[in-house]
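Trainee: Residue numbers (our numbering), protein chains in the order written: chain A, 1 to 273; chain B, 1 to 273.
In case anyone wonders, no lab produced these hints; they're calculated from the structure.
From the three backbone atoms N, C-alpha and C, an ideal C-beta is built for every residue, glycine too.
Hints are not guaranteed to be accurate.
Listed next, the stretches of chain B that the computed footprint assigns to chain A, with coverage defined by at least 3 CB atoms under 8 Å from CB atoms of chain A [what the hints assert, rightly or not]: (1) 14-27; (2) 81-95.
Computed, partial: chain B to chain A, Cβ under 10 Å [claimed, not checked]: (3) L7; (4) S40; (5) H102; (6) N129; (7) M132; (8) R168; (9) Y224; (10) V225; (11) W246; (12) P247; (13) V248; (14) L264.
Between beta-carbon pairs, the in silico distance windows are [unchecked claim]: (15) R231/B - V178/A: 42 to 48 Å; (16) E242/B - V178/A: 35 to 41 Å; (17) D203/B - A70/A: 51 to 57 Å; (18) N238/A - A181/B: 44 to 50 Å.
2 protein chains.
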Amino acid sequence: MRISTFLNVHLVSDSTGETLNAVLRAVAPLFEGVTPLEHSYYLVRSRRQLDRVLAEIESFPGVVLFTIAAHDLRDVLVDHCKRLGIPALPLLDQVLTMWEHHLKMRAGEKTGSKQALDENYFRRIDALNYTMAHDDGQMVHEFNQAEVVLVGVSRTSKTPTSIYLANRGIRTGNFPLVPKAPIPQALLELNKPLVVGLRVSPDRLIAIRRNRLLSLNADATSEYVDEDAVREEITDANRLFERQNWPVIDVTRRSIEETSAAILNLLADRNAK
Amino acid sequence: MRISTFLNVHLVSDSTGETLNAVLRAVAPLFEGVTPLEHSYYLVRSRRQLDRVLAEIESFPGVVLFTIAAHDLRDVLVDHCKRLGIPALPLLDQVLTMWEHHLKMRAGEKTGSKQALDENYFRRIDALNYTMAHDDGQMVHEFNQAEVVLVGVSRTSKTPTSIYLANRGIRTGNFPLVPKAPIPQALLELNKPLVVGLRVSPDRLIAIRRNRLLSLNADATSEYVDEDAVREEITDANRLFERQNWPVIDVTRRSIEETSAAILNLLADRNAK
């Protein structure tokens, strides 16, 4: 029997906690047999809010990761943790120091609300709206305004991949290849966006689709999961990718994030040219 | 005239780069007048891939932030940057050291691909799928399986907020309040999810909607933007929130991330009870 260690992790942010969250997701899996118990506090900007955090840290001792710009609040948090013997790490300090040295200037003390409303932020919201409106082959005639267009057969994770790219600020459309359905000329003639074909192995696809049908209580004998039909469907898709000279990413063993990262790499390569 | 300083920022990850990205988004706005030029390299797992990165770092000197677990690759990157006089920061090292001390164990050297496929990952994908399928009042009869349900009039950012929450692993449904349209009984009887009303100021809402109509080249004289009609619409919504005893978040001056963070705080409060 494996015994799991539980670790209370307190994430304290004066902003939206995205950085702390990403760090926890990256670090936690590196410690086998350790189950982090996450305690998150966002938008902590007053002493009153911080006092509630301190009480909970005291009740659930563990480690503290924080991003707080205001010096008075930081000091209270750090002192309190020191007295409790709880390690508390100001997550961004090293990065800030590095930038300050390199740029020979001091970082300001802006908190999240100002931050969030910068250009980058609006770009991401715009990308998200665009991506939602151009999901699943909607509005193909506007696909030339996308930065990335994903093409693939059903169940190749086009939608979640599109949303992840949108979160990175990339306007993404996606188009489902459906057996025997015509492919719009507008898709074949795209010249602005990076069009990427999503490839998948037939065995994997059949397994995914069977599960999908099960979860919908649907009949599992249709062409949608017939082995020969699925193989033909995939061969047709791969031929299309080749004919169009679209780069292809095999999603068979890739997570959404990895597929997205590979697409961002392709985009960077293209922009570098 | 303000002169902007440009800073080459190289983000090098053996995984999907989400942490590096979040850090850049948090740090960059703190340096006024500095425009970061982002160079991202994801899934860097071989010497050949790293050599391309090194060449680009050399061509565009600046700062380097990295998350690379494999010691041989790290060493090459660090040595190279040292020789070039370029600061390179291993972003997660401090956090790893802190956990190692606290837990009295060593972190493994897993890279991203393994990491990404943990339980947390599947939870997020599931949340994303759920949220897409329950956007904009779709499938209200399944809303009891959501963790959060957002209710608000048109243009209160229900969809992007839902997607952000889904990215944090929260199954989120949302329901649009449309003047004179009936409200389904199923929505009023929800007992499992946290239902949150999104409130907005009439002036702000009218401004947003006017812009929206402009961008659609639509007629801007409809009830959709009529001042009295909009005020009544908002009053009705606020009354509903009160009658139902739903907590309310004012989105007037909040970014999507801030609204989401406030909702996550509400959720944490509720779960703590």
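Trainee: Please list, smallest to largest, the hint numbers that this structure does not respect.
Mentor: Numbers 9, 10, 11, 12, 13, 16 and 17 - these are the hints that the structure violates, sorted from lowest upward.
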